[in-house]
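Protein chains in written order, with my numbering: chain F, 72 to 437; chain D, 20 to 183.
No lab work stands behind these hints: they were computed from the structure. Note that CB positions come from ideal geometry on N, CA and C, so glycine has one too. Do not rely on the hints blindly, as some may be mistaken.
Residues from chain D shown here face chain F by an in silico Cβ test under 8 Å; the list is partial [to be verified]:
| hint | residue |
| --- | --- |
| 1 | 30 |
| 2 | 54 |
| 3 | 63 |
| 4 | 92 |
| 5 | 122 |
Next come the chains, spelled out residue by residue.
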Amino acid sequence: MTDLLTPSRTVVPFGPQHPVLAEPIQIELTLADEVVVDAVPGLGYVHRGIEAETERRPYDEDLPLLERVCGICSVAHAVAYAQAVEALAEVEVPRRARLLRLFWFELTRIHSHLLWLGLAGDAIGFEALFQSCWRVREDVLDLFTMTAGNRVILGVTALGGVRRDIPDGLIPRIVAGLNKVERGIGQLAPFVLGNEAVARRLAGVGVVPGPVARDLGLVGPTVRASGVAVDVRTSGYGAYDELPIEPVVETAGDALARTLVRWREVGDSLRLCRESLDRLSGLRGPLRTRVPPVLHGEATSRVEAPRGELFYYIAADGEPHPTRVRVRTPTFANLPAVIHMLPGTQMAGVPVALLSIDPCLSCTER
Amino acid sequence: MPMLADCAPVVAEALVAEARSLHKDGWRLVTASCVPRPGRRTVLYHFERDEALRHLRVELSADGSVPSIGSVYPGAFLVENEMKELQGLAITDLAVDYGGRLYRDFDGPEGWAHDEHEATSIIEAAGLGRLDACVPVVDGREVRPASTRVPAAPPESEEGRSDD
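Please work from the sequences and hints to get the whole structure.
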């Protein structure tokens, strides 16, 4: 006779194809009725072996390869790799190049956060938010096209500096573009902040308390939404020593808190873009320093990518190619949060909880 | 020649105790890196606290192993499984063990097994679950399909097939 009081257990393969999950990951969910009791991530759908490939190419040819680890945060990968190689070569990047890197980096953060907010709107059935966010994001991509010639993978970073400059004459047009983005974001504000539909779908979903977030080693907006004030930019790498930031922190640790952190970071990034342009205006100097083709030693590099800390380690044994390039992406660090946050969640809340860490599997699997 | 600052060598047997000590002092595990070289491996564990980095370095022979630090840092299971699969590093006491198959192999069992009326996937036909990864191992041997990826129509019986 069937025991009607004991919930039945069902294993549901969530993903890799799912209407609200744009990322190729499978979460093996064990459900007791509608409640998740266990979640195991399954990877391997977009593993390309990029780390191994870097060990066969010269250092400068690895740069465009690593930029393609992820289309959304290609600038972050390029800068993180370049910084590690520059540390190995013990060369200093010119100030103008550091400011230019910061400008493109922060513009990347704006477009990444707007892209995520649009996807979150789509996931909670708020199509107008999705369309509006991506319309504003198009204005950011126009700024990429104006300054770098590309919409997504910019190709502006070089070992020892940057490949492209922003002439002073272009700065007023860029500032006008930034103003347009700011106006667009201002129009979006009522649909995000204090909006009941958004709050009802995100509040209390996927909660990770601060001590757990710290213990699991989470990074970026995911950990800052749990009240932990960590942001690699506070270490002052690149041009962040002259343009310091304060980490944006929320304390609720749920999907809504992660949304608010990203929302406020967009405003910070707009400020940093403007301030870097102010400093670039009238500044003269070289764009890059020469990096020798044969290197020896070990170096690490960390940058604050849109999704959180991006870590590179390079080992070099005096050959014209690296011995080992290790890439630890933010989503790789944030995936353990899934195992913590999903048990206890209703099945209907799983897509939103998972999306709230802004997963990027292209980054994670490399 | 630049080398990692604040990098302490440890032996594999002392790794978990060292990790526990760092955890107690508030260090966060950033990740681990395995560097295979001819005849040996170097395993580095990277930690961060207040934007400063500290590293533990374990030097191993080619067949050496390290214990899992998942009991101290629960988020370590992914990088440990990755090193096990991609660098062939032997890791003992893994709490979540993907069996050297963190990244599933999709060039494998996409075949079909046919019976009289229907085609079932080769994994299902072998009585395996999806978490057995996509090249399931049965009795120490990888099960790879011999059939095509497109299920062929089953042969009709002498009486013909009815739709009901």
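Hint check:
no.	hint	in the structure
1	30	violated, 20 Å
2	54	holds, 4 Å
3	63	holds, 7 Å
4	92	holds, 7 Å
5	122	holds, 4 Å
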